[in-house]
Amino acid sequence: SEWVQDQMMWLRTLLLLGLVGRLLDECSGHSSEDEDYYMQELLSREHYQQVLEDRAVGKETKPRPAGGSDSASGNLTHTHTHTHTHSHTHTHTHTHTLTYCPPLGLETLKIDDFQLHASSMRHYGLGPHRGRLNIQVRSALLLQRASAPRLLLLRLVDARRLTKFTGVVTQGRSSLWSSDWVSSYKVLLSNDSHSWVTLKNGSRDLIFSANREKEIPVLNLFPKPVVARYIRINPRSWYASGGICMRVEIMGCPMPDPNNYYRRRNEVTTTDNLDFRHHSYKEMRQLMKVVNEMCPNITRIYNIGKSYNGQKLYAIEISDNPGEHELGEPEFRYTAGSHGNEVLGRELLLLLMQFMCQEYLSRNTRIRRLVDETRIHLLPSVNPDGYEKACEAGSELSGWSLGRWSQDGLDIHHNFPDLNSVLWEAEARKWVPRKFHNHHVPIPDWYRSTNATVAVETRALVSWMEKIPFVLGGNLQGGELVVTFPFDRTRSVTALREATPTADDHVFRWLAFSYASTHRLMTHASRRVCHTDDFAKEDGTINGASWHTAAGSMNDFSYLHTNCFELSMFVGCDKFPHETELPEEWENNRESLLVFMEQVHRGIKGVVRDVQGKGLANAIIAVDGINHDIRTASDGDYWRLLNPGEYRVTVRAEGFSVSSKVCSVGYDIGASRCDFVLGRSNLSRIKEIMQKFNKQPISSRNQNPLRLITARRKRAVSGEPR
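Take the sequence shown: its letters are residues 1 to 722, numbered as in UniProt numbering.
The hints are simulated quantities; they were obtained by calculation from the structure and are not laboratory data.
Some hints could be false.
Pairs of lysine-lysine, BS3-like flavour, derived with a Cα cap of 25 Å [unchecked claim]:
| id | residue 1 | residue 2 |
| --- | --- | --- |
| 1 | Lys467 | Lys430 |
| 2 | Lys435 | Lys200 |
| 3 | Lys537 | Lys614 |
| 4 | Lys467 | Lys692 |
| 5 | Lys164 | Lys186 |
| 6 | Lys282 | Lys312 |
| 7 | Lys614 | Lys692 |
| 8 | Lys282 | Lys306 |
Ranges of calculated distance between the beta carbons of each label pair, as one might list FRET restraints [said to hold, decoys possible]:
| id | residue 1 | residue 2 | range |
| --- | --- | --- | --- |
| 9 | Lys289 | Val611 | 42 to 52 Å |
| 10 | Lys537 | Ile443 | 29 to 39 Å |
| 11 | Ser362 | Asp257 | 27 to 37 Å |
| 12 | Arg369 | Glu213 | 17 to 27 Å |
Even glycine gets a Cβ: it sits at the ideal position worked out from N, Cα and C.
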């Protein structure tokens, strides 16, 4: 009957919709049920296409390697292979010349979620807002997918104003366990979202060749720029064993806005006259030289070592007395680029050194106070070898992990000795504090051997950190908007994430909040998350181990082996933003960079001397209630980061009597002075007398606890009896 036919039609429609939902399998973006994206970093990759980006900051850019040399005003020749499907299929290759626009901002979140649409999706959580270039996901649960029918599925971007579109970048789905990508697509454009025009090559629809695997971004430039408001991507073919999954970025230049409406709403401008572009290694060195020549009285360039490929790791010191450690003046450091593809931090430090030099010359009171009272070290590129790999591909085509590792395949940021396990085992054996200190944990002998799997860049960092008495440091990273603080490793070996605080947890939380709260975006509760983690509930901060456990981090090593409190600042969702984004990223981070440096003057400071007025090196500074001590520098000066309050401080030095006093910390910036004078102990006097009369001095019978721990582990591995 007619009613039965209607019901059958309705059932077929439901089945078809169900197949579409299963086919997409969260492919209108990426699922919230996917694996931890920190497991997805790839060591190396062969790119199918390469694009070069332009140096000049403008609405249109000529592709070139980031930081490459300037070229005359001209065009790029770029070759495309397009497949046209009619009654038969053939391949057509043509060469054209054009300049192309920078990205609209899907990856950097400049494009809002409500500007993205799709013709179908399983539910909102798996919607088109997940289809941004390089977006990552977390979870290991994957849903079963049906075979992919040949359906017409559409992805639409609303630029909200007339825009000159010049190309599209696509990726497949980010997943360890499945393979989903689109291999070809059409592009349609519209001014009203109702009437659409398909890009053509002559009289035929233009079909772009897309991805051949799921991670490597592929750029397709249009034969000529097209002006429209809406752009739609229509997948035509996809990986046979997968689904229709796309992550995209759109290349486009917004057309002039007569009413200046969108500039007021969406665009951030800067008044700082700085060099906003990506810098090659040579250009970075030249820029540092220019800063040094502009401000020779407050800057010094030096290197801490070389990379695997022999490139020097340059740092710049900013101080009123460069090259000298001044008594009572704290040492601060910023590092960036330990992951070579996280380029934003590198450029922020280059901008920071320019800014501080200019403002110092302009007699900016705040900058002058900071420079005169602090010895600042900026190391913009810890991994220049990795940067060159990412730079060669370019900002939009380097993907999520190309260039992350050192040349010999090591993650520099997590290549430090695991001192957490050494300290925690000593605590478990109740060796702390009588046999084993709760600070300055020694590095195991095996780590310093030439056969240890340690990057040369890491060895250079360790030597630098041991040589200079740093008090506070920050390492700039990318791919998120959050500040992390130690510990980065969980105490439980089996836990992938759990809160693992240090003894100075309250201080670390304040330090993290000082950066996050002054960043333009980090603490905004309404901002869109970069990937899946929402850090707004923690005010843009998180304990590293609560996020994901990682042994041998720079932060944990710095805290346990030196006096320096180290944090990680993830300064942007996009690891390698286009250089047209740099002015806005600078505005996002400028105040945070300055405020965090000023925190080095929080807490107490002083000098520990003997009765003759000589500074005592390596004296131990202990604060009651905090199970982590620090030590004095070679001149006897010290700095102890503390939150406001009153603290009982005890000082110990070998051969001297113990001294204690109450020190107060106020709320204003500026460390409180708390000096100590120690007299010789009776035991040290007895030793001197015995040595004077050639008697054997009293020696400690305690064995080295670190060697005991190491020997115990070797016996456990070999199966020898204890």
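Cross-check of the supplied hints:
1. Lys467 - Lys430: Violated: Lys467 and Lys430 sit about 31 Å apart, past 25 Å.
2. Lys435 - Lys200: Since the Cα atoms of Lys435 and Lys200 sit roughly 77 Å apart, the hinted pair is violated (cutoff 25 Å).
3. Lys537 - Lys614: 49 Å, violated
4. Lys467 - Lys692: 34 Å, violated
5. Lys164 - Lys186: With Cα atoms ~17 Å apart, Lys164 and Lys186 stay inside 25 Å; holds.
6. Lys282 - Lys312: Since the Cα atoms of Lys282 and Lys312 sit roughly 11 Å apart, the hinted pair holds (cutoff 25 Å).
7. Lys614 - Lys692: With a Cα-Cα distance of about 23 Å, the restraint between Lys614 and Lys692 holds, given a limit of 25 Å.
8. Lys282 - Lys306: At roughly 15 Å apart (the allowed maximum being 25 Å), Lys306 and Lys282 satisfy the hint.
9. Lys289 - Val611: 42 to 52 Å: This hint holds: roughly 48 Å between Cβ atoms.
10. Lys537 - Ile443: 29 to 39 Å: 37 Å, holds
11. Ser362 - Asp257: 27 to 37 Å: 33 Å, holds
12. Arg369 - Glu213: 17 to 27 Å: 53 Å, violated
Hint compliance for this structure: hints 1, 2, 3, 4 and 12 are not met, and every other hint is.
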